[in-house]
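Peer 1: What follows is each chain in one-letter form.
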Amino acid sequence: MLRDTLMITTAMLLGWSLGYNNMATIFGPLVISDIVKYRTATIMGAIFIFIGAFLGGNSGISTMSSITHVTFDVSVSSALGTAIVVLIMTHYSLPTSITQGIVGALVGVGLIEGGINWWIVDKVAVSWLITPFGALAIAYGSYFVVSIFYNRLKSIRLRGTMVRLMSFGFSIYASYSLGANNLANITGPFVGDGLFGRNEALIIGGLAMAVGFLTASKKVIYTVGRDITTMEPFDSAISIFGEGTSLLIFSFLGIPISSAQASVGSTAGVGFVKGVKTVSLKTIFKIVTGWLMTPFITGAIAVIIYMIMKIWG
Amino acid sequence: MSLVFGKKENEVIKLFNDHLQMVGNVVDETFKIIKLSCDEDCSDLVKTVRQKESEADSIRRNAETTMYSGAFLAQSRGDMLGLIEAVDKVANKAETVADVIYLQSLKIPDSLRDKYVKEYECSVEAFKALAVAVQNLFEDIDKAKNAVLEVERWENTGDGIERALIKEVFSLNIELARRIQLRELALQIGDIADRAEDASDRIEIVILKMSA
Chain A
75 MLRDTLMITT AMLLGWSLGY NNMATIFGPL VISDIVKYRT ATIMGAIFIF
125 IGAFLGGNSG ISTMSSITHV TFDVSVSSAL GTAIVVLIMT HYSLPTSITQ
175 GIVGALVGVG LIEGGINWWI VDKVAVSWLI TPFGALAIAY GSYFVVSIFY
225 NRLKSIRLRG TMVRLMSFGF SIYASYSLGA NNLANITGPF VGDGLFGRNE
275 ALIIGGLAMA VGFLTASKKV IYTVGRDITT MEPFDSAISI FGEGTSLLIF
325 SFLGIPISSA QASVGSTAGV GFVKGVKTVS LKTIFKIVTG WLMTPFITGA
375 IAVIIYMIMK IWG
Chain B
79 MSLVFGKKEN EVIKLFNDHL QMVGNVVDET FKIIKLSCDE DCSDLVKTVR
129 QKESEADSIR RNAETTMYSG AFLAQSRGDM LGLIEAVDKV ANKAETVADV
179 IYLQSLKIPD SLRDKYVKEY ECSVEAFKAL AVAVQNLFED IDKAKNAVLE
229 VERWENTGDG IERALIKEVF SLNIELARRI QLRELALQIG DIADRAEDAS
279 DRIEIVILKM SA
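These protein sequences, in sequence, are chains A and B.
For the first sequence, this note's numbering begins at 75 and goes up steadily by one.
For the second sequence, this note's numbering begins at 79 and goes up steadily by one.
Just chain A, with the same shape it has in the complex:
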């Protein structure tokens, strides 16, 4: 009973944090543009992140549960270590990624246990490096294609309607993709060795992320959304599409990626089309710091928690 409670609580904490932190980047522009209300956005997002997690989250679970041999101690220490680091870093506005955190934690504990599947770790690491560039290429290409149809519309009325529908549709699509891609980060480490069953993992992870979306603060949505909406509504819609598509593609490949880095790549892609600098050196520095720092910190914390759990038996 205590084991189940601990597993569920840890997974819920991670899932909530993921949903809470991503709500603003996906729905911020929609709320700021006054296309939907804040409450409608959180509810729509919560529904679609859950559907995404439930229908598309399965493939990534195998990846996360195969990084090392998962046992109760390994899973809880990794997930708890990641949750602690992510919550602290988010509190101090430091760049972080749950995806990179949980992989770092599993690798850290796996090093102690001595059973890491390096092929999977390498595959995941390469995907992280590819993510921003992939998102950039998708956003760049989509911008060209969609803008052909958009610019053919001679009526501002129709353009306005198209932007609204695109923003709404792409935000829902990105929520679905985020759920499908990142579910594995939340409950993936708990699947196997008599821990969570697959369906349990999908439902608990999906619900946790949905609660994160539902509780996302209005203030954060407006703050983050305003940063994104320095772009025109058409541009931010394409940027969200690029992020969502990157997440979906990697979810088909069963590799969880960082949504924040997909978003940065996508934004840069839109900027390239317009010849505008949308990503600063500071942002690139943040990405690199996220790549390097988060996995090592979560790895270290997870190892400490793992050792404590071992000592307590």
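Honestly, the hints are just simulated from the structure, not real lab data.
Using N, Cα and C, we set each Cβ at its ideal position, and we do this for glycine too.
One should not assume that every hint holds.
On the chain B side, residues computed to face chain A include the following (Cβ under 7 angstroms) [what the hints assert, rightly or not]:
1) Q153
2) L215
3) E217
4) D218
5) I219
6) K223
Sample of chain A residues at the chain B side, in silico, Cβ under 7 angstroms [to be verified]:
7) D108
8) S229
9) E306
Derived lysine-lysine pairs resembling DSBU-like cross-links, with alpha carbons at most 35 angstroms apart [claimed, not checked]:
10) K223/B <-> K228/A
11) K206/B <-> K287/B
12) K111/A <-> K360/A
13) K193/B <-> K125/B
14) K293/A <-> K85/B
15) K221/B <-> K292/A
16) K351/A <-> K197/A
17) K167/B <-> K287/B
18) K293/A <-> K86/B
19) K228/A <-> K125/B
20) K85/B <-> K111/A
21) K185/B <-> K167/B
22) K228/A <-> K221/B
23) K360/A <-> K287/B
24) K110/B <-> K245/B
25) K111/A <-> K86/B
26) K86/B <-> K292/A
27) K348/A <-> K287/B
28) K86/B <-> K221/B
29) K348/A <-> K193/B
30) K206/B <-> K92/B
31) K111/A <-> K287/B
32) K384/A <-> K292/A
33) K228/A <-> K86/B
Use these hints to put chain B onto chain A, whose structure you have.
Peer 2: Below, chain B alone, put in the same frame as chain A:
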């Protein structure tokens, strides 16, 4: 706040059109004052100009309130607001022209009347082109862009007439004070077209921002 271009947007567009109509009335009424012969009393016309200008203000305020109750994308509202305020400044300037004549009891010399009328006609045409641009902004941006070019063309023509007129005013054998008054009138009439051009610049910005 709606997913499609809906009722509120249509309501604002209707108010934009009503506003254009009213600003057009102000411009036309002022034109009558210019055309009047020097000795006629134009107090009724000036009263009408003021009344129409005030009605235009009221429509503008109504449009702004409706806009901020959820019409258009939030990012576009500032541009739309800027546009209707820019159009409103055309009416303000036409009212100023009426005031320059009425408050100073300015008599336009018969020898110059046709030239003032011609200059004012350019401002009227610039405003008419602006109205076409605004009316087409929501339906056909190509037509709106062409109308914007037309505004610029009339503004340039008006500038030429204004310069020639001022030169002629200062060649007349009349008091310096009267020359300055007449120069002031020429400048104010030219400003109507300038303001129409400023408003048409806003249309270009709206179109650019709504393009990919």
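Peer 1: Against each hint, give a clear statement of whether it holds in the structure.
Peer 2: Hint by hint, here is what the structure shows:
1. Residue-level restraint check for Q153/B holds (minimum Cβ-Cβ distance to chain A is 6 angstroms; threshold 7 angstroms).
2. Annotation: L215/B was flagged as interfacial toward chain A, and the flag holds, the nearest CB pair being 6 angstroms apart, inside 7 angstroms.
3. With its C-beta approaching chain A no nearer than about 5 angstroms, E217/B sits inside the 7 angstroms limit, and its interface hint holds.
4. Nearest Cβ of chain A to the Cβ of D218/B: about 5 angstroms, under the 7 angstroms cut. The hint holds.
5. Checking I219/B against chain A by beta carbon gives a least distance of about 5 angstroms; that is within 7 angstroms, so the hint holds.
6. Hint status for K223/B relative to chain A: violated, with the closest Cβ pair at about 10 angstroms, above 7 angstroms.
7. A distance limit of 7 angstroms between C-beta atoms decides the matter here; for D108/A the minimum to chain B is near 4 angstroms, and the interface restraint holds.
8. With 7 angstroms as the threshold, the beta carbon of S229/A comes within range of chain B, its nearest partner Cβ sitting at about 5 angstroms, so the hint holds.
9. Evaluation of the E306/A hint against chain B yields a held restraint, the C-beta minimum of about 6 angstroms falling below 7 angstroms.
10. For the suggested pair K223/B and K228/A, the alpha carbons sit about 11 angstroms apart, so the restraint of at most 35 angstroms is met.
11. This hinted pair checks out: K206/B and K287/B have alpha carbons roughly 24 angstroms apart, not beyond 35 angstroms.
12. A C-alpha spacing of about 31 angstroms is found between K111/A and K360/A, which places the hinted pair at or below 35 angstroms, so the restraint holds.
13. For the proposed pair K193/B and K125/B, the alpha carbon gap of about 25 angstroms is at most 35 angstroms, so the pair holds.
14. Restraint check for K293/A and K85/B: the C-alpha separation of about 29 angstroms stays at or below 35 angstroms, so the hint holds.
15. The suggested pairing of K221/B with K292/A is violated, with an alpha-carbon distance near 41 angstroms, which exceeds 35 angstroms.
16. Only pairs whose Cα atoms come within 35 angstroms are accepted, and K351/A paired with K197/A is accepted, the gap being roughly 31 angstroms.
17. In summary, the hint linking K167/B to K287/B is supported, as the alpha carbons are separated by about 23 angstroms, within the 35 angstroms threshold.
18. Among the hinted pairs, K293/A with K86/B is consistent with the structure: their alpha-carbon atoms are about 27 angstroms apart, no more than 35 angstroms.
19. For a cut-off of 35 angstroms, the pair hint linking K228/A to K125/B is broken: about 41 angstroms separates their Cα positions.
20. In summary, the hint linking K85/B to K111/A is supported, as the alpha carbons are separated by about 18 angstroms, within the 35 angstroms threshold.
21. Taking the CA atoms of K185/B and K167/B, the gap is about 25 angstroms. The hint holds against a cut of 35 angstroms.
22. For the hint linking K228/A to K221/B, the alpha-carbon distance of about 9 angstroms falls within 35 angstroms, and the restraint holds.
23. A hinted pair counts as satisfied when its Cα atoms are at most 35 angstroms apart, and K360/A with K287/B qualifies at roughly 30 angstroms.
24. Under the criterion of a C-alpha separation no larger than 35 angstroms, the hint pairing K110/B with K245/B is consistent with the structure, at around 24 angstroms.
25. With a C-alpha separation of about 16 angstroms, the suggested pairing of K111/A with K86/B holds against the 35 angstroms cut-off.
26. Between K86/B and K292/A the alpha-carbon distance is near 25 angstroms, which keeps this suggested pair within the 35 angstroms criterion.
27. A threshold of 35 angstroms between alpha carbons decides the hint, and for K348/A with K287/B the separation of about 12 angstroms falls inside it, so the pair holds.
28. For the given pair, K86/B sits about 24 angstroms from K221/B by alpha-carbon distance, which is consistent with the 35 angstroms threshold.
29. About 48 angstroms separates the Cα atoms of K348/A and K193/B, which puts this hinted pair outside 35 angstroms; it is violated.
30. At roughly 17 angstroms between alpha-carbon atoms, K206/B and K92/B fall within 35 angstroms of each other, so this suggested pair holds.
31. Between K111/A and K287/B, the direct Cα distance comes to roughly 24 angstroms. Compliance with the 35 angstroms bound is thereby established for this hinted pair.
32. Distance restraint check for K384/A and K292/A: the Cα-Cα separation of roughly 42 angstroms exceeds the 35 angstroms cut-off, and the hinted pair is therefore not satisfied.
33. Restraint check for K228/A and K86/B: satisfied, since their Cα atoms lie roughly 21 angstroms apart, inside the 35 angstroms limit.
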